[in-house]
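*Asks:* What follows is each chain in one-letter form.
Number of protein chains: 2
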Amino acid sequence: MKRPTIADIAKRAGVSKGAVSYALNGQPGVSAETRERIQAIAQEIGWRPNLAARSLSGARADAIGLVLCRPARFLGVEPFFMEMISGIEDELAASSCALMLQVVPDHEAEIAVYRRWWGEGRVDGAILVDLHADDPRVPVVERLGMPAVVTGHPSGAGSLPAVWSDEVAVLREVIEYLAALGHRRIARVAGLPALLHTRIRDEAFSEICAELGVTEHPVAHTDYTGEQGARATRRLLSSRARPTAIVYDNDIMAVAGLSVAQEMRLDVPADLSIVGWDDSPLSQVVRPSLTAVTRDIPASGAHVARTLLRLIESGETGSLEGPPARLLPRGSTAPADRDRTVSRAM
Amino acid sequence: MKRPTIADIAKRAGVSKGAVSYALNGQPGVSAETRERIQAIAQEIGWRPNLAARSLSGARADAIGLVLCRPARFLGVEPFFMEMISGIEDELAASSCALMLQVVPDHEAEIAVYRRWWGEGRVDGAILVDLHADDPRVPVVERLGMPAVVTGHPSGAGSLPAVWSDEVAVLREVIEYLAALGHRRIARVAGLPALLHTRIRDEAFSEICAELGVTEHPVAHTDYTGEQGARATRRLLSSRARPTAIVYDNDIMAVAGLSVAQEMRLDVPADLSIVGWDDSPLSQVVRPSLTAVTRDIPASGAHVARTLLRLIESGETGSLEGPPARLLPRGSTAPADRDRTVSRAM
DNA sequence: CTCCTCAACTGAACCGCTTCATGGCCGCCT
DNA sequence: AGGCGGCCATGAAGCGGTTCAGTTGAGGAG
Numbered sequence: 001m002k003r004p005t006i007a008d009i010a011k012r013a014g015v016s017k018g019a020v021s022y023a024l025n026g027q028p029g030v031s032a033e034t035r036e037r038i039q040a041i042a043q044e045i046g047w048r049p050n051l052a053a054r055s056l057s058g059a060r061a062d063a064i065g066l067v068l069c070r071p072a073r074f075l076g077v078e079p080f081f082m083e084m085i086s087g088i089e090d091e092l093a094a095s096s097c098a099l100m101l102q103v104v105p106d107h108e109a110e111i112a113v114y115r116r117w118w119g120e121g122r123v124d125g126a127i128l129v130d131l132h133a134d135d136p137r138v139p140v141v142e143r144l145g146m147p148a149v150v151t152g153h154p155s156g157a158g159s160l161p162a163v164w165s166d167e168v169a170v171l172r173e174v175i176e177y178l179a180a181l182g183h184r185r186i187a188r189v190a191g192l193p194a195l196l197h198t199r200i201r202d203e204a205f206s207e208i209c210a211e212l213g214v215t216e217h218p219v220a221h222t223d224y225t226g227e228q229g230a231r232a233t234r235r236l237l238s239s240r241a242r243p244t245a246i247v248y249d250n251d252i253m254a255v256a257g258l259s260v261a262q263e264m265r266l267d268v269p270a271d272l273s274i275v276g277w278d279d280s281p282l283s284q285v286v287r288p289s290l291t292a293v294t295r296d297i298p299a300s301g302a303h304v305a306r307t308l309l310r311l312i313e314s315g316e317t318g319s320l321e322g323p324p325a326r327l328l329p330r331g332s333t334a335p336a337d338r339d340r341t342v343s344r345a346m
Numbered sequence: 347m348k349r350p351t352i353a354d355i356a357k358r359a360g361v362s363k364g365a366v367s368y369a370l371n372g373q374p375g376v377s378a379e380t381r382e383r384i385q386a387i388a389q390e391i392g393w394r395p396n397l398a399a400r401s402l403s404g405a406r407a408d409a410i411g412l413v414l415c416r417p418a419r420f421l422g423v424e425p426f427f428m429e430m431i432s433g434i435e436d437e438l439a440a441s442s443c444a445l446m447l448q449v450v451p452d453h454e455a456e457i458a459v460y461r462r463w464w465g466e467g468r469v470d471g472a473i474l475v476d477l478h479a480d481d482p483r484v485p486v487v488e489r490l491g492m493p494a495v496v497t498g499h500p501s502g503a504g505s506l507p508a509v510w511s512d513e514v515a516v517l518r519e520v521i522e523y524l525a526a527l528g529h530r531r532i533a534r535v536a537g538l539p540a541l542l543h544t545r546i547r548d549e550a551f552s553e554i555c556a557e558l559g560v561t562e563h564p565v566a567h568t569d570y571t572g573e574q575g576a577r578a579t580r581r582l583l584s585s586r587a588r589p590t591a592i593v594y595d596n597d598i599m600a601v602a603g604l605s606v607a608q609e610m611r612l613d614v615p616a617d618l619s620i621v622g623w624d625d626s627p628l629s630q631v632v633r634p635s636l637t638a639v640t641r642d643i644p645a646s647g648a649h650v651a652r653t654l655l656r657l658i659e660s661g662e663t664g665s666l667e668g669p670p671a672r673l674l675p676r677g678s679t680a681p682a683d684r685d686r687t688v689s690r691a692m
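For the protein sequence lines, the chains are F and C, in the order given. Under our numbering, read the first sequence as residues 1 to 346, first letter to last. Under our numbering, read the second sequence as residues 347 to 692, first letter to last.
Straight-line C-alpha distance at most 30 Å; calculated DSS-like pairs for lysine-lysine: (1) Lys363(C) <-> Lys17(F); (2) Lys348(C) <-> Lys17(F); (3) Lys2(F) <-> Lys17(F); (4) Lys348(C) <-> Lys363(C); (5) Lys2(F) <-> Lys363(C).
No lab work stands behind these hints, which were simulated from the structure alone. What you are looking at is a predicted structure, and each value in this text was computed from that prediction instead of being measured.
Can you build the whole structure from these sequences, using the hints too?
*Replies:* What follows is the structure, given as structure tokens:
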């Protein structure tokens with residue numbers, strides 16, 4: 001009743017263990033005939049390679065790692081990670097590579113996990129998400145020699161290959177769109193300021209606004225929760241020069257902002273335009289449905305996974321751009337009503 | 347520059363590999379003094395046990411598996427899984443056990459994954475979620491002999507230990523609450539009818555309603571998406587005897603339902619009361635905030651993980667009840683306004 | 001002083017697979 | 001005929017641990 005091993009197959013086929021190994025791994029060294037016979041026997045007795053034995057003899061662990069470093073309550077809310085994971089899985093399934101997942105509270109713990117995983121030979125590589133400015137994980141992983149791919153702008157990825165999409169271009173698209181609708185006071189409710197992509201967006205936002213004659217462009221930083229999104233919105237909408245449009249860094253905050261606006265008796269989109277980011281099903285469920293920046297997150301997850309697998313397999317490196325994001329206008333954006341907003345702001 | 351092995355430690359300590367193994371695993375067979383010396387050396391040269399080698403010699407894989415069997419787009423929306431996962435992780439971290447995650451499209455694929463994982467010695471056990479009526483996974487896992495814990499009602503878990511919470515009790519709490527508010531037409535927008543917990547809720551819902559004099563209690567089944575939740579709500583609210591309260595099987599549908607109601611110019615909660623399930627941050631972000639059934643999902647994830655670890659370690663089995671859910675009233679429920687709803691329904 | 005016991009430690013086998021050095025066999029070239 | 005190169009296949013040596021059967025030496029009992 002024990003699991004069959006190649007030794008069992010060898011005995012039944014009347015060949016040596018070595019031959020069986022060659023046969024089952026598509027290596028040269030056995031005749032086509034013998035190979036088929038061996039494969040048939042393996043099939044018949046339900047043989048499966050023992051992963052431990054295989055990776056012990058220097059081969060791969062056939063698993064990659066993903067560490068998420070945000071408190072549980074933030075993780076749940078953002079569909080982002082789950083979608084990303086399912087995209088990664090799609091790609092991994094093809095190579096029958098597994099995904100090891102770990103959720104940790106901070107970077108220190110995350111680094112410890114990489115150390116352990118790599119030290120124990122548990123994974124062949126890892127995907128680093130949520131790149132920070134001066135991210136401490138990058139040098140550690142580099143020194144460890146563990147293959148890794150970063151999701152985020154290459155500028156923070158050191159020598160590690162990065163997969164990213166051009167956020168500045170979409171942001172420009174968003175602001176040009178809002179500016180074209182007549183908005184001159186556009187606010188941004190951003191995510192964690194420590195994140196590299198937040199910084200990049202911050203900087204681009206201010207530049208692009210200036211360039212397009214958007215005179216007021218305040219930015220509020222949050223932790224991505226609906227709660228903080230709501231609070232930031234409340235503050236922005238209470239200011240003297242109330243913005244006529246707000247761009248949010250995720251959907252949950254956009255929804256929270258929408259609720260706050262309605263609570264304050266502002267009509268969306270007549271009095272206030274709202275743009276979400278990382279369009280999730282949530283955007284389509286609320287009224288009005290949210291104009292949002294959308295991109296195929298599973299696809300970009302698959303893209304990252306593919307890059308990592310290639311890196312592991314052939315050392316092929318190099319950053320490459322993932323699928324682009326784009327603006328998807330829905331019901332929460334409209335032309336700025338000059339008279340109305342100005343009169344109110346006075 | 348290669349990773350140190352116990353052989354290296356043995357050489358430096360002037361003892362045999364066996365002694366090192368005993369020392370590092372807290373086994374008897376070495377003196378306290380030697381043990382300390384060996385541990386110090388291990389520490390110093392940064393030794394980590396090679397997982398593959400360890401599990402090859404019959405020990406554990408130090409990993410458990412979790413397979414999610416829903417399309418990517420459903421997974422992302424439901425904070426449920428991510429919260430559950432982070433709860434599981436909390437528990438696993440303590441035993442430095444890893445989590446293998448896989449997302450598959452159907453049960454057949456899921457079963458194949460279990461076969462592979464168990465065959466390859468990749469995991470020590472698994473957590474089965476989303477129990478179906480006559481779930482095909484249960485007998486397969488039983489026959490495989492793989493330790494597994496089911497999240498869901500024990501009635502469908504066969505000989506596998508189950509961890510569940512008493513849904514019927516909460517459902518009763520919800521309906522009693524609504525009935526006490528004067529609601530006599532309560533609808534339910536349920537999830538996938540194939541899921542065991544959907545069936546259990548369905549049955550209980552109809553019984554409890556009958557018992558409490560709730561004369562109308564239609565049920566609509568959906569796939570948990572906001573889209574279908576919206577459609578079901580629209581249909582229910584268009585019926586001649588419009589319900590005065592709707593209970594949803596998840597939050598995203600409750601939010602969708604809320605939007606539909608507002609679109610149809612119904613006031614929530616004056617004209618329609620709404621109750622969500624598995625309270626997520628989403629419920630607090632919309633206006634009015636949603637009355638919902640809440641429970642500590644991370645805690646129940648941790649609970650499941652703990653049960654599985656115990657099962658793996660000591661074969662200790664037995665189903666046990668997890669943390670209970672309870673009703674959390676917020677702004678989306680109110681007394682039924684008889685005149686108003688009746689006059690409209692005519 | 002001898003015998004026995006027990007703790008401390010050693011040496012080797014083993015887990016299941018990969019891989020390399022080796023060798024037999026066959027056919028072909030010179 | 002002899003030599004050589006290729007193809008198939010074998011046997012054994014690892015990979016890095018665990019574990020079990022022994023060995024050794026010290027200490028206590030008789």
